[in-house]
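Chemist: Those sequence lines, one after another, are chains A and B. Numbered per my numbering, the first sequence spans residues 1 to 114. Numbered per my numbering, the second sequence spans residues 1 to 113.
Derived DEER-like restraints, expressed as beta-carbon distance ranges:
hint, chain 1, residue 1, chain 2, residue 2, range
1, A, Pro8, B, Gln81, 28 to 34 Å
2, B, Lys57, A, Lys17, 45 to 51 Å
3, A, Leu27, B, Pro52, 26 to 32 Å
4, A, Thr60, B, Asn22, 26 to 32 Å
5, B, Thr95, A, Gln14, 39 to 45 Å
What the hints contain is simulated information worked out from the structure, not anything from laboratory work. Cβ atoms here follow ideal geometry from the backbone N, Cα and C, with glycine treated the same way.
Listed here are the chains, written in short residue letters.
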Amino acid sequence: DAMVIQNPRYQVTQFGKPVTLSCSQTLNHNVMYWYQQKSSQAPKLLFHYYDKDFNNEADTPDNFQSRRPNTSFCFLDIRSPGLGDAAMYLCATSRDKGFNEKLFFGSGTQLSVL
Amino acid sequence: QQQVKQSPQSLIVQKGGISIINCAYENTAFDYFPWYQQFPGKGPALLIAIRPDVSEKKEGRFTISFNKSAKQFSLHIMDSQPGDSATYFCAAGKTTNAGKSTFGDGTTLTVKP
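Sequences are here, hints too, so could you generate the full structure?
Modeler: Dropping the structure here:
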């Protein structure tokens with residue numbers, strides 16, 4: 001039973017064409033994270049929501065935006081995708097932020113930019 | 001950005017053998033050290049995590065050893081099985097926000113039958 005669901009599994013977009021990736025969770029967790037993972041590299045945190053509070057990482061490009069309309073859903077918007085934005089995008093959730101709060105990852109969306 | 005250095009990049013082990021992956025961190029303020037397992041086409045999954053107030057934590061065949069003075073920690077997989085073949089990531093961060101942990105670059109483990 002998938003608890004963190006990412007759609008679509010694969011997304012192809014054109015250079016400069018806005019794209020939105022979605023994440024939903026059935027866990028009722030407070031925290032939702034978006035990571036970018038390029039091939040054979042570590043996941044890199046882009047931003048996270050703690051409830052409705054948005055927290056952007058300092059080195060996340062302005063091209064990346066996020067929305068969390070409710071507890072269950074979170075979206076990643078890439079306003080003008082470049083070739084360098086091709087990657088796996090991972091969504092994760094946790095009940096809270098502490099040590100005992102396990103991260104649950106979705107299966108990711110593989111984004112290709114043509 | 002704080003670095004987490006992971007080695008080796010790839011590892012091949014025979015079935016039944018011990019797999020050992022090492023990580024080193026820089027920031028002495030870190031107090032949360034998890035290991036994640038990732039299969040191809042899937043998101044990472046938390047395997048085991050440790051805090052610096054203990055030197056070892058064991059869960060089944062997986063053990064984390066932690067050396068606070070050396071700022072190093074390692075994952076030992078005992079009796080490695082072909083089903084353990086995956087990419088393993090260490091990470092280091094703060095218990096106040098586990099999701100902001102810095103990941104190592106990963107180790108691809110292949111366990112041969």
